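Student: Taken in sequence, the protein lines are chains A and B. For the first sequence, this note's numbering gives the first residue as 1, with consecutive numbering after it. For the second sequence, this note's numbering gives the first residue as 1, with consecutive numbering after it.
Treat the hints as calculated values from the structure; they're not laboratory data. Some clues are possibly wrong.
Stated by the list, open to error - Which stretches of chain B does chain A cover? Using the computed rule of at least three CB atoms under 8 angstroms from a CB of chain A, they are:
id	region
1	48-58
2	76-84
3	108-116
In this text, all values refer to a predicted model and were calculated from it rather than measured experimentally. In this text, a Cβ means the ideal position worked out from N, Cα and C, and glycines have one as well.
This is what each chain is made of:
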Amino acid sequence: DQQVKQNSPSLSVQEGRISILNCDYTNSMFDYFLWYKKYPAEGPTFLISISSIKDKNEDGRFTVFLNKSAKHLSLHIVPSQPGDSAVYFCAASFTSGTYKYIFGTGTRLKVLA
Amino acid sequence: DTAVSQTPKYLVTQMGNDKSIKCEQNLGHDTMYWYKQDSKKFLKIMFSYNNKELIINETVPNRFSPKSPDKAHLNLHINSLELGDSAVYFCASSQFSLTGDQETQYFGPGTRLLVL
């Protein structure tokens with residue numbers, strides 16, 4: 001039972017355009033969400049997070065949107081750069097009581113020069 | 001000045017052997033984790049230790065035994081290795097906040113285990 005789903009295994013985007021990565025979750029008790037970026041042969045690197053009390057969080061080129069009613073979050077990268085090519089994982093968790101992250105299966109983003 | 005390091009990076013071994021993977025963090029965090037990423041790319045938590053105390057143990061076979069000698073280290077020992085144990089194992093660490101809030105987890109580079 002996969003509680004966090006990333007239904008697009010891959011995405012290709014032209015350099016300079018917007019990349020939109022999507023993530024859906026099933027457990028309405030999740031109240032903290034994160035995006036991690038992973039290059040081959042490296043560990044996941046934290047990118048951006050959002051608490052359920054917000055619907056948007058922005059950090060430079062990266063913006064995460066949260067739609068609690070739809071149990072959906074998305075990561076927008078604008079403008080996309082070739083160095084953004086990586087696998088992106090979304091994760092969901094709880095702000096207290098447990099330190100467990102539930103990860104999606106990842107979306108491989110390829111930014112074409 | 002690697003924040004979370006793991007050794008070895010690659011591990012190839014025969015079925016039935018016993019092996020250990022070591023993890024160290026120099027971030028001063030008090031919580032450490034082991035995750036497993038299987039062939040389907042699911043990244044799932046296995047264990048978590050807070051101040052050397054086990055706080056998460058996710059239905060993992062008891063052939064897997066984590067050991068935390070101090071809060072900067074969390075090692076994973078695997079007995080009687082099986083083919084299905086082949087995966088990438090990631091260590092991570094975070095700091096438990098005084099307010100009880102979740103803190104970001106930082107991951108090591110992973111250990112690629114192949115059981116033949």
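Student: Go through the numbered hints given earlier and state which of them the structure violates, listing their numbers in rising order.
Tutor: 2
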